[in-house]
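Participant: Letter by letter, the chains look like this.
Number of protein chains: 2
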Amino acid sequence: MFDIIAFDADDTLWQNESLYSETQARLAKVLAPYLDGVDVDARLYETESRNIPYFGYGIKSFTLSMIETAIALTEGRVTSADIQQIIDFAKAMIDTPTQLLDGVVETVVQVAATHTLMLITKGDLLDQQRKLDRSGLAEHFSHIEIVAEKTEETYRTILLHYKVDAARFLMVGNSLKSDVLPVVAIGGQAVYIPHAMTWEHERVDPADIQHARYFEMAHISELPGLVEKLMQNQEI
Amino acid sequence: MFDIIAFDADDTLWQNESLYSETQARLAKVLAPYLDGVDVDARLYETESRNIPYFGYGIKSFTLSMIETAIALTEGRVTSADIQQIIDFAKAMIDTPTQLLDGVVETVVQVAATHTLMLITKGDLLDQQRKLDRSGLAEHFSHIEIVAEKTEETYRTILLHYKVDAARFLMVGNSLKSDVLPVVAIGGQAVYIPHAMTWEHERVDPADIQHARYFEMAHISELPGLVEKLMQNQEI
Numbered sequence: 001m002f003d004i005i006a007f008d009a010d011d012t013l014w015q016n017e018s019l020y021s022e023t024q025a026r027l028a029k030v031l032a033p034y035l036d037g038v039d040v041d042a043r044l045y046e047t048e049s050r051n052i053p054y055f056g057y058g059i060k061s062f063t064l065s066m067i068e069t070a071i072a073l074t075e076g077r078v079t080s081a082d083i084q085q086i087i088d089f090a091k092a093m094i095d096t097p098t099q100l101l102d103g104v105v106e107t108v109v110q111v112a113a114t115h116t117l118m119l120i121t122k123g124d125l126l127d128q129q130r131k132l133d134r135s136g137l138a139e140h141f142s143h144i145e146i147v148a149e150k151t152e153e154t155y156r157t158i159l160l161h162y163k164v165d166a167a168r169f170l171m172v173g174n175s176l177k178s179d180v181l182p183v184v185a186i187g188g189q190a191v192y193i194p195h196a197m198t199w200e201h202e203r204v205d206p207a208d209i210q211h212a213r214y215f216e217m218a219h220i221s222e223l224p225g226l227v228e229k230l231m232q233n234q235e236i
Numbered sequence: 001m002f003d004i005i006a007f008d009a010d011d012t013l014w015q016n017e018s019l020y021s022e023t024q025a026r027l028a029k030v031l032a033p034y035l036d037g038v039d040v041d042a043r044l045y046e047t048e049s050r051n052i053p054y055f056g057y058g059i060k061s062f063t064l065s066m067i068e069t070a071i072a073l074t075e076g077r078v079t080s081a082d083i084q085q086i087i088d089f090a091k092a093m094i095d096t097p098t099q100l101l102d103g104v105v106e107t108v109v110q111v112a113a114t115h116t117l118m119l120i121t122k123g124d125l126l127d128q129q130r131k132l133d134r135s136g137l138a139e140h141f142s143h144i145e146i147v148a149e150k151t152e153e154t155y156r157t158i159l160l161h162y163k164v165d166a167a168r169f170l171m172v173g174n175s176l177k178s179d180v181l182p183v184v185a186i187g188g189q190a191v192y193i194p195h196a197m198t199w200e201h202e203r204v205d206p207a208d209i210q211h212a213r214y215f216e217m218a219h220i221s222e223l224p225g226l227v228e229k230l231m232q233n234q235e236i
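Keeping their order, the protein sequence lines are chains E and P.
My numbering applies: residue 1 is where the first sequence begins, and numbers increase by one.
My numbering applies: residue 1 is where the second sequence begins, and numbers increase by one.
Since the list gives no way to pick out one identical chain from another, each pair is judged satisfied if it fits inside one copy or across any two copies.
Straight line, CA to CA, 25 Å or less: simulated SDA-like cross-link-like pairs of lysine to any residue:
1. 163 - 145
2. 91 - 73
3. 177 - 187
4. 29 - 97
5. 91 - 151
6. 229 - 194
Derived from the structure by calculation, the hints contain no laboratory data.
Chain E on its own, in the form it takes in the complex (with noise of 0.2 Å):
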């Protein structure tokens, strides 16, 4: 049925968005002696979203945006101490042992047992590839392509690479933004486990998806049940 079965990593094998937003909550901690009342989360996701197209995705990314939200809204009272703290938050996000979701490794082991699978994931190169050193999947996964953003030209070079018929593609992943929407739009199949914490910069309008057809479940442990369906051409 399938020549590949791909995974998205972060908040679908492990957890990530808890990490950034807990780190969001010592940022605001360490600001809070210089504002009154500011909306922290807010004012960083606007220099994240401006610094996208410069820095991309990921850690440090994420930190340059920090950095540069805390001499903003303290309009350069800030101390160089606090900026150290924040890079030293940095530094102990990357230390952080990764976290698998509940039913990971069990479905991934049956789905592998069957199909190849492929990881494809967004984000900081050397960051994703120590997450999935960590996290023990590894030597599951066949192939592994980081990518700087994942559009519809993104998935329509990996199949051209792998040489893979989008038809006999699944993604699985918790956006629908970049897991769900440009895998559905090339011919693809995909699954969506939504995540209880999603990323401002990954939410989608409700009519982008409204004609989108994919499969959604609320547990990664569902996943072999319905690729064993597929692979029979049952009805779903």
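We have chain E; now place chain P onto it with these hints.
Facilitator: Leaving out everything else, chain P in the frame of chain E:
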């Protein structure tokens, strides 16, 4: 003769180290009023070396190290306006047009006529892709590999992935440490084209190259001649 001819990018196809070196000079200028004849470059290199395991290579990593160095060297006296200036240096680096080295276009076009070309570069995903897009050379490369480190393991993985024998693989680059020695060590062939500027981190112990067999040329335009000779199996 070769199934794949691979090129390094930074300082092999386009200028790179000069951009870092110019930015270091700007950093030294920003810090001069705080310091009394301190060697900013040496301290920055120490910080960079310590941070590579965390942040890897590329402009964002370099920028975080510049900020840490500025804070440490000034003992916290550096103003946040000056730190913002350092972040703006990073954006200016990213905005700098890709400056191809002399003879690169002609050489790449000529070698691409008879061989499958690959680009293997380390550093930041987004930044390297942007430089390639801007270079106008992308169409000549069948495969792009952006990697976190260039070790023997990295090259082994790439060759395995593309099902290419090491003996039928030629790597061209300006770094003995990253482009030449690991390739030769796994049985591949390599061409070393020294660049006037080499980052300290890429330097190797002369003892390490004593027994390594590789080709060396002063200019990339000599490459098509070498490849042709090797294809004709002539004595070099």
